[in-house]
Amino acid sequence: MPSKDRLDIPSFASTQLILLARELQTEIADTSALVASHAPAALQRAGLALTNLVAASRRTGLGGRTVLELAPDAATTGAAGELPEHGVRTGDIVLVAEQPAGAAKKREVRELESKGVRGVVVKVQRGAVGVALDEGRDDDGGFPGRVWVVKLADEVTYRRMNHTMEKLQKMGEADYSSFIRVLFGLSSPSPVSPDLSKDRELGNLEWFDPTLNDSQKDAIRFALASREVALIHGPPGTGKTHTLIELILQMVRRKQRILVCGPSNISVDNIVERLSPHKVPILRLGHPARLLPSVLNHSLDVLTQTSEAGAIARDVRSEMDSKQASIKKTKSGKERREIYASLKELRKEYRERERRCVSNLVGSSKVVLATLHGAGGFQLRNEEFDVVIIDEASQALEAQCWVPLLAAKKVVCAGDHLQLPPTIKSINSKVELFKDGAEPMKGITLETTLFDRLLALHGSPIKRMLTTQYRMHEKIMRFPSDELYESRLMAADAVKARLLKDLEYEVDDNEDTNEPVIFIDTQGGDFPEKNDEDDKDKPKKGKGSLTGESKSNEMEAALVRQHVKQLVAAGVRPDDIAVVTPYNAQLAILAPLKEQFLGIELGSVDGFQGREKEAVIVSLVRSNSEGEVGFLGEKRRLNVAMTRPKRSLTVIGDSETVKRGSNFLKKWMEFLEDNADLRYPDVSTINQEA
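At position 121 of the sequence shown (counting the first as 1) the number is 121 in the UniProt record's numbering, and the numbers step up by one without a gap.
These aren't lab readings, by the way, just hints derived from the structure by calculation.
Here the structure is a predicted model, which is why all the values come from computation and not from measurement.
Each hint should be verified, as a subset may be incorrect.
Below, simulated DSSO-like cross-link-like pairs (lysine-lysine); rule was C-alpha separation at most 30 Å, straight line [claimed, not checked]:
1) Lys240 x Lys667
2) Lys123 x Lys594
3) Lys463 x Lys217
4) Lys410 x Lys442
5) Lys501 x Lys475
6) Lys501 x Lys240
7) Lys240 x Lys409
FRET-style restraints, in silico, Cβ to Cβ [stated by the list, open to error]:
8) Asp195 x Thr445: 35 to 43 Å
9) Ala591 x Ser177: 48 to 56 Å
10) Ser364 x Glu447: 35 to 43 Å
11) Arg381 x Ser177: 15 to 23 Å
12) Thr445 x Glu349: 45 to 53 Å
13) Tyr680 x Asn514: 14 to 22 Å
The beta carbon of each residue, even a glycine, is placed where N, CA and C say it ideally should be.
Build the full structure now, drawing on both the sequences and the hints.
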């Protein structure tokens with residue numbers, strides 16, 4: 001292996017620590033600035049807070065932690081008692097604190113924060129939200145007044161990543177396993193035969209799913225044969241998860257023990273759901289409230305409660321619950337302190353029993369599933385696995401991947417490095433953390449994922465690509481396939497010609513439903529973009545702005561509304577339609593569509609990664625005489641936008657502006673002009689409709 005490709009492991013780990021510290025500080029600074037410069041109601045609209053709550057009840061949750069149930073204050077919601085539209089999700093790290101009046105001053109916010117209690121959201125219902133409070137911070141006096149919940153940076157994840165990088169940093173060369181040596185370019189991967197279909201063992205596999213296509217079978221054989229590392233490249237709609245399920249089942253048949261991880265709960269739950277029918281002993285680690293309901297039967301919490309050892313622990317838990325209830329009834333500070341002291345002892349005993357029970361359950365599972373940072377919990381300490389599989393590896397920070405990998409022998413990474421990488425907030429941040437002369441290594445950023453780095457390090461011999469896609473009409477697929485996937489994608493017969501007019505319910509056959517790709521070209525300057533700062537009623541951009549330096553385009557939004565109306569009038573159901581755009585300010589303008597067409601989805605391109613819809617309308621927004629396109633020029637972002645639809649892709653934008661942004665954009669505009677149903681909107685009709 002050439003020395004230039006080798007990576008000095010301690011320097012790499014030190015760099016990651018610097019970059020992670022910077023990212024966390026940026027997240028914390030951004031949150032504090034937003035909280036300090038906006039009223040609670042504005043933060044709620046932006047999805048960062050939930051206001052006007054009261055503490056309805058307390059109970060004991062997993063690990064003996066106190067769970068506070070927060071419900072809307074009847075004085076603000078009336079009899080309905082439902083939470084308003086909000087962006088707080090299970091798994092969010094939050095602060096529960098007394099609610100400030102109006103936009104609080106920075107000093108007041110700091111005071112409220114110091115009196116507040118941190119926790120994790122464990123349940124979100126229509127009428128209440130449950131928060132498991134941090135250990136040792138449950139003496140909150142029950143929050144007698146009105147409280148609010150504010151989202152915070154997830155420091156637990158950072159702690160786990162930092163801990164892992166510190167271990168890697170301190171390792172001596174003698175501690176490097178052959179696996180670690182390969183992943184840092186100190187050794188080459190063990191060679192694998194280019195054609196495994198002729199291999200004596202792997203060529204005659206008995207498939208659990210015989211309908212797998214050739215590229216999927218090839219990827220599975222390759223992942224089984226690889227000694228240290230295998231990358232499975234799954235472009236949009238190519239059945240990546242389907243392939244991983246078969247791979248896991250084949251590994252279990254070989255008596256291998258597997259740890260399956262992903263960057264988010266949803267990515268892991270997706271695999272649990274697909275594995276469940278196969279009756280393999282699987283265990284899903286993670287807080288039950290963050291998991292999909294269909295996954296709960298495999299979660300540690302449910303299995304702990306249904307096991308014999310769990311029954312013993314339950315007795316202690318019920319005693320704790322009765323103590324929690326008595327806190328509310330007592331007015332005496334002395335009695336309250338005594339209850340907390342006995343709760344502390346009970347919690348210790350409960351945790352010890354729960355831990356023994358957990359250890360037995362984990363030890364007997366053949367397939368364990370967890371988020372990447374969840375794999376760093378106490379449950380997996382000293383556990384050994386033959387293989388670690390990382391799904392959505394191209395959306396995970398490399399430091400996150402090392403949480404399960406540090407003790408691994410082999411890894412299979414699945415993902416698509418040609419779609420968006422993880423979101424990094426500190427790229428343009430002013431937060432400086434290069435203390436003690438510590439500088440990050442050149443060329444290493446948090447945006448470079450493990451998948452990217454391994455591909456650059458070892459090249460195509462460690463990768464297999466899935467090439468049959470089951471999502472898009474052939475015409476929708478054509479451009480991304482030619483420009484990004486070496487023209488290797490093929491549309492499966494079942495999808496290659498399907499259109500909106502062929503949906504399983506009745507849809508009119510017209511120009512909006514019988515064309516797979518429509519381009520509404522706004523060139524000519526009649527549909528100009530607008531900057532957030534042009535709006536005098538909004539706070540200036542920067543740390544105090546909720547949409548950042550965002551762009552919008554009123555006239556283009558009118559075209560979106562017009563096209564949605566036409567699709568719905570033709571019979572297409574709103575819940576089969578999505579509108580995506582790269583800009584949050586444009587989403588804000590389009591928000592009324594959700595009330596007008598119940599079920600329609602609006603989302604940022606970044607937030608829609610991994611999703612699909614029958615019809616997708618993409619609003620590009622940018623239209624200016626300078627030909628500036630900003631982050632629209634990121635081809636991975638456009639790849640996500642153009643590969644979400646199944647039957648209909650409608651692109652709305654100014655080709656004159658967009659084609660000046662990059663060579664890739666120029667080719668896309670030319671492709672749309674030549675291959676799409678090209679339309680030029682009439683400004684006068686739009687003005688009449690608006």
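Tested hints:
Of the supplied pair hints, the one linking Lys240 and Lys667 holds, its CA atoms being roughly 28 Å apart against a limit of 30 Å. Among the hinted pairs, Lys123 with Lys594 is consistent with the structure: their alpha-carbon atoms are about 25 Å apart, no more than 30 Å. At most 30 Å may separate the alpha-carbon atoms for a hinted pair to count; Lys463 and Lys217 meet this at roughly 14 Å. Only pairs whose Cα atoms come within 30 Å are accepted, and Lys410 paired with Lys442 is accepted, the gap being roughly 28 Å.
For the given pair, Lys501 sits about 16 Å from Lys475 by alpha-carbon distance, which is consistent with the 30 Å threshold. Straight-line distance between C-alpha atoms of Lys501 and Lys240 comes to about 28 Å, which keeps the hinted pair within the 30 Å bound. Taking the CA atoms of Lys240 and Lys409, the gap is about 23 Å. The hint holds against a cut of 30 Å. With their beta carbons about 37 Å apart, Asp195 and Thr445 fall inside the hinted range of 35 to 43 Å.
Between Ala591 and Ser177 the beta carbons are some 52 Å apart, a value that agrees with the proposed interval 48 to 56 Å. Checked against the given bound of 35 to 43 Å, the beta carbons of Ser364 and Glu447, roughly 40 Å apart, stay inside it. The supplied range of 15 to 23 Å is met by Arg381 and Ser177, whose beta-carbon atoms lie about 18 Å from each other. One distance hint, 45 to 53 Å for the beta-carbon pair Thr445 and Glu349, holds here, with the actual separation near 47 Å.
A hinted range of 14 to 22 Å for the beta carbons of Tyr680 and Asn514 is consistent with their spacing of about 20 Å.
The structure is consistent with each of the numbered hints, conforming to all of them.
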